[in-house]
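The working numbering puts the first residue of the sequence shown at 1, with every later residue one more than the last.
It is possible that some hints are incorrect.
Taking CB as the label site, the calculated pair distances span [what the hints assert, rightly or not]:
(1) Gly161 to Lys84: 20 to 28 Å
(2) Phe114 to Leu292: 21 to 29 Å
(3) Ala90 to Gln159: 40 to 48 Å
(4) Phe114 to Thr150: 19 to 27 Å
(5) Phe146 to Ala117: 20 to 28 Å
(6) Asp78 to Gly25: 14 to 22 Å
(7) Gly213 to Ala18: 55 to 63 Å
(8) Pro98 to Ala14: 55 to 63 Å
(9) Thr150 to Asp60: 46 to 54 Å
(10) Leu59 to Phe21: 50 to 58 Å
(11) Ala117 to Lys84: 39 to 47 Å
What the hints contain is simulated information worked out from the structure, not anything from laboratory work.
Ideal placement from N, C-alpha and C gives every residue a C-beta, glycine not left out.
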Amino acid sequence: MVTRAARKVAGLVATLLATSFVIFGAAYAAPGDPVTFLAGGKENLTPEYLAAIRAQYHLDDPFLVQYLRWLGDAVTGDLGRSLKYSDQVADLLAARVPTTLGLVAYAAVLFVVFGVALGALAAVRGGRTDAAVVAGTTFATSVPPFVVATGLISLFGVQLGWFPVGGGGSLWHLTLPAITLALGALAIISRVTRQAMVEQRELDHVTVARASGLSERLIVVRHVLRGALGPIVTMCGLVTAGLLAGTVTVESAFQLSGVGTLLVGAINTHDFPVTQAVLLLMVTAYIAVTTLVELAQPLIDPRARSGA
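Based on the provided sequences and hints, a complete structural model is requested.
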């Protein structure tokens, strides 16, 4: 188990290094010269001033030297200074990360609770209930998030006035964004739950438990759902990791001051330090969560532990 964990951690570090190289390289090759943004205006675009900026920010150094310097600073927590806000990038992220994490956590609670409940209902009831759940989740996955956001804002924010349509600061403000973010994930979790429980219901130990006279409710809870927890928990972790990098559309639609809107603004204004830092943060969060889920899989599912 320790050796397996060490291999996973080593793979995590190697993946992060490769990802950081790609992110920095993409920003380095992006159109536009960062010197023109650092100069601050056309009146400052003199050869002497531009040369001084290049020397100050080491922009004349070779690509590999610039990357290693940026990587070393990032490891120590120095993510550079924003070209647009003139603030430390780490401070900008610290102010916006709580909003994004709160949104993802709220959405995770929604899709786990309702996704597992709908999947279990479809697996246990079958028939028309199963068909209705499958049809509903199929429709949910086919609707783009910005369409869902527009519909929720129009109905519950404008017409009914039940929820605020922008801003943040409370769970009430995050409710509509969390529903928008959770809808597609809910469909995935319900399908995985349904399939895993259907497979468990056909196993021999469930048949024996039913023949021994146990109630159907006890069989579902103790044997079927418990046996299906492995794939359900794994998929919940993977989907949550995906949500960490998928908040851009939702935050933009509901005007939330999160990491997603910070990334959009940084791309539009060619704020390269912020763009690099946000992308690196999103990828790091995704890889870290998926690695933790994979390491926890043998503890949740004995079959995975025996296979390993």
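Do the hints match the structure? See the list:
no., hint, verdict
1, Gly161 to Lys84: 20 to 28 Å, "35 Å, violated"
2, Phe114 to Leu292: 21 to 29 Å, "24 Å, holds"
3, Ala90 to Gln159: 40 to 48 Å, "42 Å, holds"
4, Phe114 to Thr150: 19 to 27 Å, "22 Å, holds"
5, Phe146 to Ala117: 20 to 28 Å, "27 Å, holds"
6, Asp78 to Gly25: 14 to 22 Å, "20 Å, holds"
7, Gly213 to Ala18: 55 to 63 Å, "57 Å, holds"
8, Pro98 to Ala14: 55 to 63 Å, "30 Å, violated"
9, Thr150 to Asp60: 46 to 54 Å, "47 Å, holds"
10, Leu59 to Phe21: 50 to 58 Å, "18 Å, violated"
11, Ala117 to Lys84: 39 to 47 Å, "44 Å, holds"
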